[in-house]
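**Student:** Chains as they are written, first to last, in our numbering: chain A, 1 to 150; chain B, 1 to 198.
Take the hints with a grain of salt, since some may be wrong.
Unchecked claim - Think about it this way: if two alpha-carbon atoms lie no more than 35 Å apart in a straight line, the pair counts; the simulated DSBU-like pairs of lysine-lysine are:
#, chain 1, residue 1, chain 2, residue 2
1, B, 186, A, 141
2, B, 94, A, 147
3, A, 79, B, 189
4, A, 5, B, 106
5, B, 186, A, 79
6, A, 101, B, 154
7, A, 147, B, 152
8, A, 136, B, 166
9, B, 186, A, 147
10, A, 101, B, 152
11, A, 85, B, 152
12, A, 48, B, 154
13, B, 189, A, 136
14, A, 85, B, 94
15, A, 5, B, 189
16, A, 5, B, 152
17, A, 101, B, 62
18, A, 2, B, 94
19, B, 152, A, 41
20, A, 141, B, 152
21, B, 62, A, 147
22, A, 101, B, 194
23, A, 85, B, 106
24, B, 62, A, 141
25, B, 154, A, 102
26, A, 101, B, 106
27, B, 62, A, 41
28, A, 79, B, 194
29, A, 141, B, 154
30, A, 85, B, 189
Since the hints were derived computationally from the structure, they do not count as laboratory data.
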Amino acid sequence: MKLVKIISWITLIIFAVIQFFPVNYNQSETIPQTDFMIVNKVPATVYKTLHVSCYDCHSNNTSYPWYNKLQPVAWYLEKHIDNGKKDLNFSVWGDYSDRRKKSKINSIMNQIESGEMPIYSYTVIHRNAIISKSDKEAVIKYMTSLKDSL
Amino acid sequence: MRKVRLTSIMVMALISLSTMSCKDTNKENNNDNHEHSEINQDKMDASNSAMNSNIQNSVEQKVLTNYIALKDALANDDNANAKELGVTLAQSLKSFDSSGFSSNEKLELIDIIEDATEHAEHIGYSDIAHQREHFKILSKDIIDMVAITGTKMKVYEHYCPMYDNKNGGAWLSMNEEIRNPYYGNKMLKCGEVKREIN
C-alpha cells in the first residue's frame, strides 16, 4: 500500500513539474499573404476540408483543445506539428517554387486518396477531420486543376 | 534506494513518451566517402557546363550513380535496400554545390536539389509503394538536373505510360534494356526508351 502511495505522489509531482516546461505553441494572429487560401482561389468545400482536416498540423496556426496544452501531450503534439510543417506548410505556400508546389500537390493527392492523411492518431480524437468520399473527390479534383495550372 | 530507482524509472518513461514521434527513422548511414577521383579530369569538356570544377562534377556523378542504384533496388522490389539508397542519395544531394553555374541555372538547381533531397529522404523510411510515388517525382528532378549539368555517362530516359493511373512515370537508366522500377517483378519489362542522353 505504501508503495502505491509513493508511486502516485511521484507521478503527481512529475506531472505538475513538467507543466512548467515551455512549449512553442503553433499559433499566429494573422494569416500571411503566402497562405494557400490567399494565393489560390479555393472553392468553399475544399477550403473547409483543408482547414478542418489539415491545417492543425500543416500550417502556422493550430487550434488547440485545452487538454492539448497539458504536458506531456503538448510535447508529443509539438513534435508532430514540427514534422507536419516540415513536409507541408500551407501558410508558406506562396514561398514554394512551382516545382515544390507540384511536388507537394502530388503528395497531398496521394496521401488523401490512400486515406493515410489525416493520420489515425488525429482523427481518433478529431472525428470531424475524417474526409468524406465526396469531399475527397472535390479536393483531388481541385488539386489536379491547380497542378495543371502551374 | 528503492524510491530513487522508482523515480528514475518514471522519469525515463516520461522522457521516452515525450520523444516519441511518428518518424524517427533517419538512420545515419554514411558510407559515402568524399574522395574525388581524378579520372574525370581529362573529360571536362564533355560536360555542358565548362565552368564546373572537377570536384563538383564528381558530386553530380555520385548523385546520378546513387539514383541509378536506387532505381535498380526498386526494380528488384527491394524495399530495404531502396531505403538505404534513399538515405545515401539524400546525403550526396546535400553535398551538391551549384555555385559554378550561371545565376538562372543556379536558382533552378537549388530548387531541384531541395525537392530531390526531400523525396530521397522519404524513400529512406517508406514502404515500397510510397517509395515509388516519391521516385516518380525524384526522377523528374534528376532528369532536369542532368539537363543542366550534363553527364559523362551515357544514360537512357525510360518511360512507363501505365504507372500512376496512366499518368505515366519516367526514369533514367544506364542500360537500354527496360527494367521497370515502378512495377518491379509484376511488370518488369513494361516501358519504352524515350531518348538517349549523351
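**Student:** Run the structure past the numbered hints and jot down the numbers of the failing ones, going up.
**Tutor:** Per hint list: 3, 4, 5, 11, 12, 15, 16, 18, 19, 20, 24, 27, 28, 29, 30 violated.
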